[in-house]
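**Q** Sequence lines, in order, name chains A and B. Counting from 0, one number per residue, gives the positions in the first sequence under numbering that gives the first Met the number 0. Counting from 0, one number per residue, gives the positions in the second sequence under numbering that gives the first Met the number 0.
The hints are simulated quantities; they were obtained by calculation from the structure and are not laboratory data. Take the hints with a grain of salt, since some may be wrong.
[As the list claims (entries may be wrong)] Between beta-carbon pairs, the in silico distance windows are:
no.: 1; chain 1: A; residue 1: Met108; chain 2: B; residue 2: Glu4; range: 20 to 30 Å
no.: 2; chain 1: A; residue 1: Ser79; chain 2: B; residue 2: Asp92; range: 15 to 25 Å
no.: 3; chain 1: A; residue 1: Met108; chain 2: B; residue 2: Asp167; range: 52 to 62 Å
no.: 4; chain 1: B; residue 1: Leu57; chain 2: A; residue 2: Pro3; range: 50 to 60 Å
no.: 5; chain 1: A; residue 1: Leu83; chain 2: B; residue 2: Ala123; range: 33 to 43 Å
no.: 6; chain 1: A; residue 1: Leu99; chain 2: B; residue 2: Glu4; range: 53 to 63 Å
no.: 7; chain 1: B; residue 1: Asp167; chain 2: A; residue 2: Arg42; range: 52 to 62 Å
no.: 8; chain 1: B; residue 1: Met56; chain 2: A; residue 2: Arg66; range: 12 to 22 Å
no.: 9; chain 1: A; residue 1: Ser23; chain 2: B; residue 2: Arg53; range: 19 to 29 Å
no.: 10; chain 1: B; residue 1: Thr164; chain 2: A; residue 2: Leu83; range: 27 to 37 Å
no.: 11; chain 1: A; residue 1: Pro3; chain 2: B; residue 2: Ala14; range: 25 to 35 Å
no.: 12; chain 1: B; residue 1: Ser158; chain 2: A; residue 2: Gln10; range: 48 to 58 Å
For each residue, glycine too, the CB sits at the ideal point set by N, CA and C.
Chain residues, written in single-letter form:
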Amino acid sequence: MPPPNIQLDDQGHLKHFLTLEGLSRELLIKILDKTEGFLGVARQAVKKVPLCRGKTVANLFFETSTRTRTTFELAAKRLSADVLTLNIAASSTSKGETLLDTLRNLEAMHVDMFVVRHAESGAAHFIAQHVAPGVSVINAGDGRHSHPTQGMLDMFTIRRHKGDFSRLTVAIVGDILHSRVARSQLAALRTLGAGEVRIIAPRTLLPAEPESLGARVFHDLREGVRDADVVIMLRLQRERMRGAMLPSEHEYFQLFGLTEERLATAKPDAIVMHPGPINRGVEMDSQVADGPRSVILEQVSNGIAVRMAVMALCIGTQNRLAQVDAHD
Amino acid sequence: MSATEIYADAAALEAVIARMGTALQDKLTQRGIIDPLMVGIHTGGVWVAERLHRILMLDEPLGVLDISFYRDDFSRIGLHPQVRPSHLPVEVDDRHLILVDDVLQTGRTIRAALNSLFDYGRPASVMLAVLVRRGWRELPIAADVTGLDLKQELDRDGSLQVKLTGPDPLALVLGHRQG
């Protein structure tokens, strides 16, 4: 028997959201379907629903972020939760101790959910193993490992534009090696049964055995995006690079930067995505970023709805578990 | 539901809804409302509302409301398994609304629907039309127009469930909760 998935309760409902690995297609589709409902909240005069009234959500950002932090904050507020956002600089030497200490202190304030971003892979998982029962943990990005809400907002954006995943060719371009976003996208695309998944990158920005990611590998951008329905550009993660992995950003753009001309081989109705923040003139030029095929800003709006859905599902599960306990 | 029995079939229900249409028109005339907005509650309420909308020949498009995010049992059972997008095509501010649902029982659905509506704006008034009214109210909520009253002898059974199936054909089925 496989070990129980820490993310799920004994009935398979979502309790923590740490990684897309090991989650079923049914569960991913359930998240996407719920997101459709939450998308409408932004169109209400009062952009709020009362689902998580009385709950407290703590955003623990050990690594800086603007978009992810603010969209998580807005998502929690639109669910009527109270939100604390803590920007904590990561301390590498006493990481474990600092983390648990912070955690115990916040638990003493009766926090119901932690949203965690950390430079170390596995940090959110570590916290989920140590929180009190009844508290949920959501991974907002851990090292190179996983960024599951980003993965799901990308799937949601693709589904809204393209529908059925089985017919799609999806090309992911750029720094695969350091990208937790790519890892989450690849896991989700596999589970949702995408027709063909490609990764396009220089050899220095690919993991040792790129084929193990379940994708076709290309080193030429024009070839890689040929007939693609979806082109996902990744951010070049200078902060995670050690040594000379790239000659220069200029040279990177010459080979792997997306321009209208290089996009010409993709399907005419292809969409272009980027998790942000964009390095204009490095991953893509402004013409593409602001062009008609770009859905980059839509990804941001969708991100709030996806995060609302995931938070509501986790808190809903905890509510149900608390109710079961009360009757035992 | 386990064993089910049809309480009213499509023909009977269409006749009931036609009568509701007439009753609604009378109420609107009485109150001097000329251009109401109709909003159906997912899912059964939308089926009834589509028919009423046609009968009353309303100009404004029909709104649909999902009340999952406003239910009071989230704190007990979590997120409702079926969440559908709400869609109110017209601003509700200062408009006269007709809210339509299939079965009025505890009144909790209508409470949730009213809360949801008021997050879209401040309507001038809200009227309630329901296909079936039964007992067991838990909140001070009443319908302005009712299609059918469930027979008293049936309604005494608290475990009896009344469910509208559809959208085409409509049927009202009775059954008992399992377990």
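**Q** Taking the hints in turn, state whether each one holds.
**A** Consistency of the hints with the structure:
A hinted range of 20 to 30 Å is violated for the C-beta pair A/Met108 and B/Glu4, which are about 54 Å apart. At roughly 22 Å, the beta-carbon separation of A/Ser79 and B/Asp92 lies within the given 15 to 25 Å, and the hint holds. In this structure the supplied range 52 to 62 Å holds for A/Met108 paired with B/Asp167, their Cβ-Cβ distance being about 54 Å. At roughly 53 Å, the beta-carbon separation of B/Leu57 and A/Pro3 lies within the given 50 to 60 Å, and the hint holds.
A beta carbon spacing of about 40 Å between A/Leu83 and B/Ala123 agrees with the range 33 to 43 Å that was offered as a hint. Range check, A/Leu99 to B/Glu4: Cβ separation about 59 Å, and the 53 to 63 Å hint holds. A hinted range of 52 to 62 Å is violated for the C-beta pair B/Asp167 and A/Arg42, which are about 29 Å apart. Checked against the given bound of 12 to 22 Å, the beta carbons of B/Met56 and A/Arg66, roughly 48 Å apart, lie outside it.
In this structure, A/Ser23 and B/Arg53 break the distance hint of 19 to 29 Å, their C-beta atoms being roughly 42 Å apart. For the pair B/Thr164 and A/Leu83, the supplied restraint of 27 to 37 Å is violated, since their beta-carbon distance comes to about 47 Å. The hinted range of 25 to 35 Å is not satisfied by A/Pro3 and B/Ala14, whose Cβ atoms lie roughly 55 Å apart. The supplied range of 48 to 58 Å is broken by B/Ser158 and A/Gln10, whose beta-carbon atoms lie about 24 Å from each other.
Hint compliance for this structure: hints 1, 7, 8, 9, 10, 11 and 12 are broken, all remaining hints hold.
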